[in-house]
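S.K.: Going down the list, the sequences are from chains C and U. Once you know that position 33 of the first sequence is 33 in the working numbering, the rest is easy, because the numbers rise by one and skip nothing. In short: position in the second sequence from 1, add 1000, done, that's the working numbering.
Worth flagging that the hints you see were computed from the coordinates, not collected in a lab. As the structure is a computational prediction, the values presented were derived from the model and not from experiment. Each residue gets a CB set at the ideal place from its N, CA and C atoms; glycine is no exception. Don't take each hint at face value.
Said to hold, decoys possible - Using 30 Å as the maximum straight-line C-alpha spacing, the simulated DSSO-like pairs for lysine-lysine come out as follows: (1) 1629/U - 171/C; (2) 1490/U - 80/C; (3) 1022/U - 29/C; (4) 102/C - 58/C; (5) 1200/U - 91/C; (6) 1097/U - 91/C; (7) 96/C - 1487/U; (8) 1022/U - 38/C; (9) 89/C - 1582/U; (10) 80/C - 1585/U; (11) 28/C - 1086/U; (12) 1298/U - 96/C; (13) 91/C - 1026/U; (14) 1687/U - 178/C; (15) 1629/U - 173/C; (16) 1410/U - 96/C; (17) 89/C - 1487/U; (18) 135/C - 1097/U; (19) 1585/U - 22/C; (20) 1410/U - 89/C; (21) 1077/U - 1582/U; (22) 135/C - 1344/U; (23) 1687/U - 135/C.
What the hints assert, rightly or not - Partial selection, computed: residues in chain U whose CB lies under 8 Å from chain C: (24) 1074; (25) 1261; (26) 1713; (27) 1714.
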Amino acid sequence: MKKLVLISFVLAAFFANAQSDKYVAAMKKNLTLMDSAKTTADFQNVSNAFERIGDAEKTQWLPYYYAGLALTIPAWTDQKLDKDANSEKIKAFCDKAEAIEKNAEISAIRNMAATQQMLIDPQTRWQTYGMEASKELQKGMQLDPNNPRLYYLQAMSLFNTPEQFGGGKDKAKPIFQKSVDLFKKQDHKPLYPDWGQKQAEDMLAKCQ
Amino acid sequence: MKKIWLLFVFISLQIISLAQTKIRGKVKDGKGHPLAGASISLKNSYDGATSDSLGNFSFTTTEHGDFILSVTSLGYKDFEQAVTLKQEPIIINAILKEKLDEMRAVTITAGSFSAGDTKRAAVLSSLDVATTAGSNADITAALKTLPGTSQVGEQEGLFVRGGAGYETKQFIDGQLVNNPYYSSVPDLAQRGRFSPFLFKGTVFSTGGYSALYGQALSSALLLESIDLPERSEIDASVSPLFWGAGTQQLAQNKKSSWGINYGYTNVGLYFDAVKQDVDYFKVPQFHTLDANFRIKTKSGGIIKYYTTFSHNQLGIRRPDVDSADLKDAFGLKNYNWYNNLTWKEYLNNGWKMNLGISYSTNKDNILQQVQDAQDQPKPFPDSSFWMLYKNFTLVHRQDLSQGKIVLEKKLGGISALRFGSEYWYSYDNSNYNDTALIKLKDNYTALFAESDIYLTNEIAAKIGGRFEYSSIINRSDFAPRVSLAYKTGKDAQVSMAYGIFYQKPENAQLDYATNLGYTKATHYILNYQKMSNDRIFRLEVYYKKYDALVKTIPLFYNYYTTFNNGGSGYAQGIDFFWRDKKSIKNFDYWISYSYLDTKRNYLNYPAQLMPNFAATHTASLVMKRFITKIKTGFNVTYSFASGRPYYNFMLDNNNKFYIADQGKTKDYNSMNFSAEYVPSVGNTKAKTFVVFFVSMSNVLGYNAIYGYNYSFNGDTKQAITPPAKRFYFFGIFLSWGVDRSQDAINNNL
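Bound conformation, chain C alone (with noise of 0.2 Å):
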């Protein structure tokens, strides 16, 4: 009998274990497919991907996070794509991504979407998307004041607003330099965010 509970736990420890490798390789595998994609499609094939690991998994945030993220980068560049949808893709991902944990990654991907939904017509919608996204960033610079990402993108917005609403390049440079400071602070845990050091720092090297 003894024998019999000892083999469970033996069988349960190794099932849990090959669980989390499970995951483990799932999530490098496709945060490798993430630096390779190159279409919409392709990152919106990642973001599914994630998207079912975060499904099955149910307890890590880290799925959502990155089928979130997949989908702020093609919104930068594709001309074609319905951001509003997009964006409502992505904060829908983000409150999965919340419900299993609070953090400010989390509100870095809300701050793009947000900043997304406000370039379709930055005229009219600077009231409504602006405002959510400077919100957003705010929340994520309480939740951690030292998170590189937050000050890339606060930097970056700053960087892409005229001089004359309060924006510029002379505004953005002290951000980027604070960014990059942390970046180089900042010790790296495996399968979390690490992406914007070197935006950060091309960024930096650009306000000079």
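Using the hints provided, position chain U relative to the given structure of chain C.
M.R.: Showing chain U alone in chain C's frame:
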């Protein structure tokens, strides 16, 4: 033993993971078109795929046993199928049904222009209303740049598609507004009483409007008031013409707010600087005081109260048309108090309730007097009655109390059923030369129901009806309303509307004859619209038939009259609208053009004639450009209308009207300019927001003639012209608290 066990487990796991099942298939929508980008997944596993551009997918899974395969795609209902994985290939043909979705579904646009920041089919935003040159933040003036409206400058009101001004009614949060404009002054159009900044959305219907509204033959202007403000703030405005101050206070928990504003307008200084063609013996002055509160309820509903009190007065003197030595003096004092309380609530099981009550009272003290060269009253003998009736005093009071309830139930998805009732009690009392006229009291009741039916995202119908009863004329009627919309492409749609609209005769007519029936209009509208984020194209054709219009029946010359419903008429035409924010960077413009063919036999018209407020061709070009470098916006509006007919109807020996004289005014042209300088724009940290606003009407100085007034004998006519060629305005608007700097333009004006 232990080792063998483990080995066994290990091997079996290997076998399981090697045993693969291939799943492939195709995803299509209900019409058989392939769906790309759909997500296919084996529930509770990592395995799945995404459909390609032909809708095909294929993947292998190492899972085995019973699973649910799900196919999902944005805008479609989820597809699920049970599958048993046992290494045999599985082929799935998934047909996804379209989800009815408000964001994607067609909207009925026939006859209606939406303005506002939340409305999906919005043609104008509320900021557009304020920054349209020539509007000076007057809603009506801004709407006159849309097709279907006439450029009538001598009377207030929206003259829509061959309809008179009183055929357009305004509703705030569903409730009728009895006196939407400052009281009429002869030959001088008055502004609306309500600032565009009170409203978050506007629907301007040029015909075929919903069964929830009635008693407007031509058009309904539906104004939806704002909810809670974003933040607390204090506002102030200064200009040579007026000053104002106010505050909005939002509670800490952001669940309620209150506000109060006061404004005072006195154009005396302005008239000293800019010469007016008419003699103002009393300089126009306005006091306005308004207050509001708004409370959010637990279930997401809102209670809103808005009240405004205003007092204004003016006196003008113009040359008398019958005698060169005499003058007509007109004096007006007006008191107006308006109250509107509404409660919107979400009930259980998809029910929504809109409750409203409203009360308004309006009092005009009018003095009309013929004066001599020394500005002294000139008495006349009874024999010259046509001069005698130009001397009078009138005290006119109009009250309206109303209640309205609308219940709405969502019917599976986005279809909805709406029904309700409204009751108006109106009271109208005039004292003419200190003699009390009949007190008009009317109990008006209406029952209405309408249903939004969405068959698919492409086809929608709105079917409704309205039963109305008015006690003063003791008549009831039933007004059916139907509209349909069909989506013909991604951004394009065709819609049509049909409806019957009734309106009771005006009080000035009911004073003399209460045995009148409803006037009636039947609308047929066909609309095509193509709309993307930056561009809107609209084309609408319509036919409107008028029946039972009120006719004037002279009893003793033109002095005593009665009325009947013997009139008729029609209006038909084409309305065109194009707005483009895309083609030229940072430049926004719209073009409206209306072709109107209308004739009517009403009041003292001897036959069906083109009415004097209608023009065959009307066009507007509105241009806006904000230059961020200098934080300044420039707006130019150009309006054109072909000449309008004018008539002099006189009585013949048989006491019948005939056309003694007629003609057509010259074409109307007007170019208006405005600019706003917003130094704090985009500065989210600024505590004080300032907007400098300047405007100038009729930049090019056209001499507008709106029509002619005739002397009693018909020998002389006097052109109706604006009191000054141009109107200039300069003002500074300040607000402390939140960046409403763009909104602050012309607030309180």
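S.K.: Hey, residue 1077/U versus residue 1582/U, does the alpha-carbon distance stay inside 30 Å?
M.R.: 35 Å, violated
S.K.: Within a Cα-Cα threshold of 30 Å, do residue 1687/U and residue 135/C meet the stated pairing?
M.R.: Given pair residue 1687/U, residue 135/C holds - Cα atoms ~18 Å apart, limit 30 Å.
S.K.: What's the verdict on residue 1298/U and residue 96/C, does the C-alpha distance respect the 30 Å limit or exceed it?
M.R.: 25 Å, holds
S.K.: For a C-alpha distance cap of 30 Å, please report whether residue 135/C and residue 1097/U respect it.
M.R.: 36 Å, violated
S.K.: A closest beta-carbon separation below 8 Å is what the hint needs, so does residue 1713/U meet it against chain C?
M.R.: 57 Å, violated
S.K.: Would you check the hint for residue 1022/U and residue 29/C, treating anything up to 30 Å between C-alpha atoms as holding?
M.R.: 20 Å, holds
S.K.: Has the given pair, residue 1410/U with residue 89/C, been kept, meaning a C-alpha gap of at most 30 Å?
M.R.: Holds. Residue 1410/U to residue 89/C sits at ~24 Å (cutoff 30 Å).
S.K.: Could you check if residue 1261/U really has its C-beta closer than 8 Å to a C-beta on chain C?
M.R.: Status violated, d = 21 Å.
S.K.: Please work out if residue 91/C and residue 1026/U have their alpha carbons no farther apart than 30 Å.
M.R.: 28 Å, holds
S.K.: Quick one, are residue 102/C and residue 58/C close enough, alpha carbons at most 30 Å?
M.R.: Cα-Cα ~15 Å, so holds.
S.K.: Starting from residue 96/C, check that the Cα of residue 1487/U is at most 30 Å away, please.
M.R.: 33 Å, violated
S.K.: Between residue 1687/U and residue 178/C, is the straight-line Cα distance small enough, at 30 Å or below?
M.R.: 26 Å, holds
Hints 7, 18, 19, 21, 25, 26, 27 from the earlier list are contradicted by this structure; the remaining hints agree with it.
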